[in-house]
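2 protein chains.
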Amino acid sequence: MKQTIFFLSDQTAITAELLGQTLLSQFDSVDFVTQTLPYIDTEKKALEVVELINRNAQENGVRPVIFSTLVQEDIKTILHNSQALMLDVFEHFIAPLEQEFNIHSSHRVGKKHSSEDKEAYDHRIQAVNYALNTDDGLSVKQYAKADIILIGVSRSGKTPTALYLAMQFGILAANYPITEEDLESYELPSWALQFKDKLFGLEIDVKRLQEIRTERRPGSRYASLEQCELEVSQIKKLYTREAIPTINTTIRSIEEIATKIIAKSHLKR
Amino acid sequence: MKQTIFFLSDQTAITAELLGQTLLSQFDSVDFVTQTLPYIDTEKKALEVVELINRNAQENGVRPVIFSTLVQEDIKTILHNSQALMLDVFEHFIAPLEQEFNIHSSHRVGKKHSSEDKEAYDHRIQAVNYALNTDDGLSVKQYAKADIILIGVSRSGKTPTALYLAMQFGILAANYPITEEDLESYELPSWALQFKDKLFGLEIDVKRLQEIRTERRPGSRYASLEQCELEVSQIKKLYTREAIPTINTTIRSIEEIATKIIAKSHLKR
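Chains as they are written, first to last, in the working numbering: chain P, -13 to 255; chain X, -13 to 255.
Mixed in with the good hints there might be a few duds.
Pairs involving identical chains hold if they fit within one copy or between any two copies, as the list cannot separate such chains.
[Unchecked claim] Listed next, the in silico DSS-like pairs over lysine-lysine satisfying Cα-Cα at most 25 Å (straight line): (1) Lys127 - Lys182; (2) Lys62 - Lys184; (3) Lys(-12) - Lys193; (4) Lys30 - Lys250.
No lab work stands behind these hints, which were simulated from the structure alone.
On a predicted model such as this, the values are computed, not experimentally measured, just so you know.
Using the sequences plus the hints, can you model the full thing?
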């Protein structure tokens, strides 16, 4: 039986999940299944979870592991009585921080919703709307407001990257498809001249591009190896000639693509 | 001078950032500024960071704090020689995990890009495309594929929620605006009958709705208090009558909204 890893929190469990997955990626050969348990914020729920975990331990014959971010002391105490190995982030880091700041932590569940949080939140939503309104070359007249303008051939990953930059970092990211005509004339589209310092080029390997385009329009010229090869090589030359910073999206996750773009273009995250 | 908190990693630093922010939210009264330093993956970069941090410590007269997720031992050793308080996640958790799994961790920088990762990644991108293709009532004919269909009045938060569910969890989330006509007839749109178990209703407080709509169309009937009040109260009745599960989006972050929806509708994250 596979070992079960529980991501557990009295809040969203997103931090526990991300941290746990990051740590587990260091152990390739371990075979496990994961289960996320968010909003365990009452003693009743905590006791039910202990039961679930202990049943899992007995059935599997192998001790489960808990990654948790628990703020409430009473909940944490209950969970420590389960048969799992419990790794709680707050336990390890709150004490040194209390010492460093010389105050006690609030042990309040959930983030406070201050006006500052609200502002940051509204900003992210506005950035998502901006990415949608300027997706795929829409509304070039809004480019003056952009923090960054992603360019690339069709299906090189512009839309998800722009949306992630908006959602995660509140960055105003427009995106514009470089067409066959642009590539044939070896020229940037005319709007690009005045926003040259905002351009960022996405690259993609030919084989991967062909794969993605084939899924979309099987057997088309658009998805043919020749066409993909042509566009990929022509856009590379354009990027070089115009000295546009680039990133290859082929084997990277969206998180990597977005954070590398931020670092390369000196945007604030 | 404010204390500086550094989020630092040899990878994207997203985990360090999220973890650090979660922990810092427990210390309301501490005044600090944050700086994120991703991709610190060479000795040269690590030495530069130590210089930056030590200069910061001297100029501010207060010890900086580092939250880090460092895989490479040599980089970690260099950073331990800075004047900051360093809280490294790997340091605390890798050892108990090595003991538990009875193997050594790989210390490999970056996730491996296995075929399984690629599949999960493609699935997320497809989910983002699905959310875009079915945004705001587009393409009802794709609803059979949906994991969930978000409904609500205009500007209640459907689009960002659907995109977040897709981007973060690979969930196929469509969204459909409930119009004045639907509300006047107290009826769900006709397509909804066959997908009733996929419906999830977003609610929003009148004042907040008015604020958001006013930003969009100031002075319009659409943004008037009367209209917002009417739509909010009518949709509440509709949700109740049709026994549709709901969430109020007013004071919640997009992460909270998304994870609560998943929990309430028993979707897999």
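Which of the stated hints cannot be reconciled with the structure, identified by number in ascending sequence?
2, 3
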